[in-house]
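Model the full assembly from the supplied sequences, consistent with the hints where possible.
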Amino acid sequence: MRSFFLYAGIALVAGSGLALEILLTRITSVIAWYHLSFFVIALAMLGMTAGAIYVFMRPGLFGQAVLARRLARSSAAFAALAPLAVAWAMSGPLLPVTDLMGFFALLGFGAALAVPFAAAGVALTLALTRMGLPAGRAYGCDLLGAAAGCGLVIPLLDVVDAASAVLVVGAIAALGALAFATCDEDPGERRRSLGTCGALALALLAFAGLNAAADAPPLRPAWVKGVREDPREFMHVAWNTHSRVTVSNQIALPPYLWAPGRNMPPEARLPIQQRVLKIDGAAATLMAEGAASDHAYLDWDLSTFAHRLRPSGPAAVIGVGGGRDVLAALRSGHSPVVGVELNAAIVDLHRRTMADFSTIAARPGVELHTDEARSFFSRDRRQYQVITMSLIDTWASTGAGAYSLSENGLYTVEGWLVFLRRLAPEGVFTVSRWYKKESPGETARMLALAMEALWQLGVDKPRAHLLLLQAESVATLLVSPSPFSAADLDAMQREAVRLGFNMVLTPRRLPAQPLLAELGAIDERAALWQWAERQTLDLTPPTDDRPFFFNMLKPGTWLEGQEEVSDLDLGFLGNLQATQTLVYATLVSLLLTLAALLGPLLGRSPATTEAEGPKQASRTGLAPATLAAALAYFALIGLGFMFVEIALLSQVGVFVGHPTLSLAVVLGGIILAAGVGSLLSGKLNVERGGAAAWLFPLIPALLVVAARVATGPVTDGFAGADTSVRVLLSIALIAPPALGMGICFPLGLRLVERAGGHAVTPWLWGINGAFGVCASGLALGTSMTWGISTTMAVGAGCYLALVACARQLARARA
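My numbering puts the first residue of the sequence shown at 1, with every later residue one more than the last.
Bear in mind the hints are in silico, worked out from the structure with no lab data behind them.
Check the hints yourself; a few may be wrong.
Computed list of lysine to any residue pairs in SDA-like fashion (alpha-carbon distance at most 25 Å, straight line) [to be verified]: (1) Lys461 <-> Gly500; (2) Lys225 <-> Ala105; (3) Lys437 <-> Arg494; (4) Lys683 <-> Phe4; (5) Lys225 <-> Gly108; (6) Lys461 <-> Ala487; (7) Lys437 <-> Ala284; (8) Lys461 <-> Glu518; (9) Lys683 <-> Ser3; (10) Lys436 <-> Ala487; (11) Lys461 <-> Ser473; (12) Lys554 <-> Thr785.
Pairwise CB distance ranges, derived in the manner of DEER restraints [claimed, not checked]: (13) Asp230 <-> Ala105: 36 to 42 Å; (14) Ser293 <-> Ala526: 49 to 55 Å; (15) Ala284 <-> Gly132: 52 to 58 Å.
None of these values were measured; they are calculated from a predicted model.
Built from N, CA and C at the ideal position, the CB exists for glycine as well.
Quick look at the structure:
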């Protein structure tokens, strides 16, 4: 029974730790920017490493007689500190880093969130390295619990807000402390611990219920994107795993257009009843009262121009938002109008919460689908006259690694081929993006992407299939599988002059802007790539292997001054600065990882050396060569696991489709399969020596290579399959390499303990975590620079390099 409660405690604390990490990603993305979220989470997770190193450096505090007590207390500390740290984080603003003091503010913010993770790190390190449990089973329970925590977040955020979910997670951690307290051999201490941990769990659950039921929850983000937030301004707030959607009170405002034409008459600007929808407090769209207006103002918006050329027939809208693109298609005369929206909370507004105000869901001919656009159009077999994708960007695309949503997947060659193939021969795919005359990076990359997609579609002269118009800070591109006819061009010119739009690029004229003029004049595919490589920004057409449309900074400019980078981007976007933040975050993570590597060598107390015995050759109990092999082994595991994980998230995530489902299938599947691999590792008897003791890392290396080879054909061949089929195939792709990766950590621990390094195992646990944190930034940077295939290859190479480390450990003797 004692082992049962220990395993249960490990699973509960590990699950609550991963759930808290995901919730912090959500909360930080609301109160700050997505690219800052990566930095904060990296710092917080390094708290776990700090906890592990603390156990290594202060072993006198964790004697066998008090281990269960220390486990219970550190787990209870994690449960109590997590809501307090999150509450402190939500109480003040977190601003973009523009100077040294801003950097220190961000550093302090992340350090505060690291405190509860440090307590969790102490608990898990003690449980995995000091309780005498079989390494494979203990680590397997850790991973299985983490997988369960990942899956828990999805239904939890469908029921309560993120702050209330943190309280629930704290209660789960308190149950883990309760399980550990059961193992305390002192009856008096056991009773006190059980009472304290039980009361803590009940109190946290009760507070979670009260907070979730309140109209204005006491525990909530007080500052959002640097602005004090008043909950009375909202009539509705909804959370899910990838967004927080707020709906403002009704207000009369002039119609908001992305880019109105110069000739828009005053009567088209008269106020109408609207509500402001905001995703994570920043990406805003307006919902107009559907039945109270004829919505004539929409005719003057540049993003609706395609309807001037193709006014009827089936139409589709990628990203429903407040519903304006759907209203524009209906007003033009399209039927049916199919809206594909990734965010279930927004679709729910149109169907239920705001149905009477919006009205679009009840209109004849309108279909609303909660789905990822590429996935939907791969299965849909209808042909459309117009497919609209207007400024789909919630700034999630500027995030990092697993924390970004799927918007990048909408701006790749493979994605645009899916959309173009769903058009009727004369249909139009229209995309609107931001335009800056002095540095039209997004516009140029959008145009290069369209040209590459048309070449791959078999078009000889892409320019005959392209129209590019501009107004204010927006450019709208129209792409057709067939060349635009002379009648189309006459109608386009007539309507552009009437509405007041600038004709930037047409089959009849090249742009006046020099960069766009060079691009528009290219008539060969190879010349396009050569031209793109020569530019200051990365203007190469994004592909699924490098799906980073918004990250245009080349490695050579990653560390340039902020003013130089700002000159290349519109100030309100921050896409290029997001890349810089990723670089700085990775550098800081590397420095902290170096401290985790060297600090224990310099700072471990001399008393520990005496306790280890006079015959030991070093403070760690291992010979220098063996210690170096052990450190390299666990550093490589941290690097390799994260490189493979991020590559799989990027590849399989687009195939699965919806980000919520992708999170559960990909992240949860990897951790779950790795947990099973850890449990199975006990079948390999590395203690006997021989080839099996050091060749086992070949298993994950070969399985990662096999998964990479199989992923392309599987995802291409079954892109249009049902969701259940795609989920099963994704699991089949993910499980084998993850299963192989899961065996390496417990087998490495067993080899180290066999060599006499029992005292050093907490440090190795910390090294693994530290390198895993910095690897997330390194892996994303590798994908952005050289592609996801390279990221996967680096991960496989890390596991291959384990062979040399394992061989050195297998040769060592206690």
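The hints, checked one at a time:
1. Lys461 <-> Gly500: Violated, because 28 Å separates the two Cα atoms, which is more than 25 Å.
2. Lys225 <-> Ala105: Given pair Lys225, Ala105 holds - Cα atoms ~15 Å apart, limit 25 Å.
3. Lys437 <-> Arg494: The hint holds at about 24 Å.
4. Lys683 <-> Phe4: 21 Å, holds
5. Lys225 <-> Gly108: Holds - the C-alpha atoms of Gly108 and Lys225 are around 17 Å apart, at most 25 Å.
6. Lys461 <-> Ala487: 19 Å, holds
7. Lys437 <-> Ala284: Measuring from Cα to Cα gives roughly 24 Å; hence the hint holds.
8. Lys461 <-> Glu518: With a Cα-Cα distance of about 15 Å, the restraint between Lys461 and Glu518 holds, given a limit of 25 Å.
9. Lys683 <-> Ser3: 20 Å, holds
10. Lys436 <-> Ala487: At roughly 30 Å apart (the allowed maximum being 25 Å), Ala487 and Lys436 break the hint.
11. Lys461 <-> Ser473: Given pair Lys461, Ser473 is violated - Cα atoms ~28 Å apart, limit 25 Å.
12. Lys554 <-> Thr785: 8 Å, holds
13. Asp230 <-> Ala105: 36 to 42 Å: 23 Å, violated
14. Ser293 <-> Ala526: 49 to 55 Å: 51 Å, holds
15. Ala284 <-> Gly132: 52 to 58 Å: The hinted range 52 to 58 Å holds for Ala284 and Gly132, with Cβ atoms some 56 Å apart.
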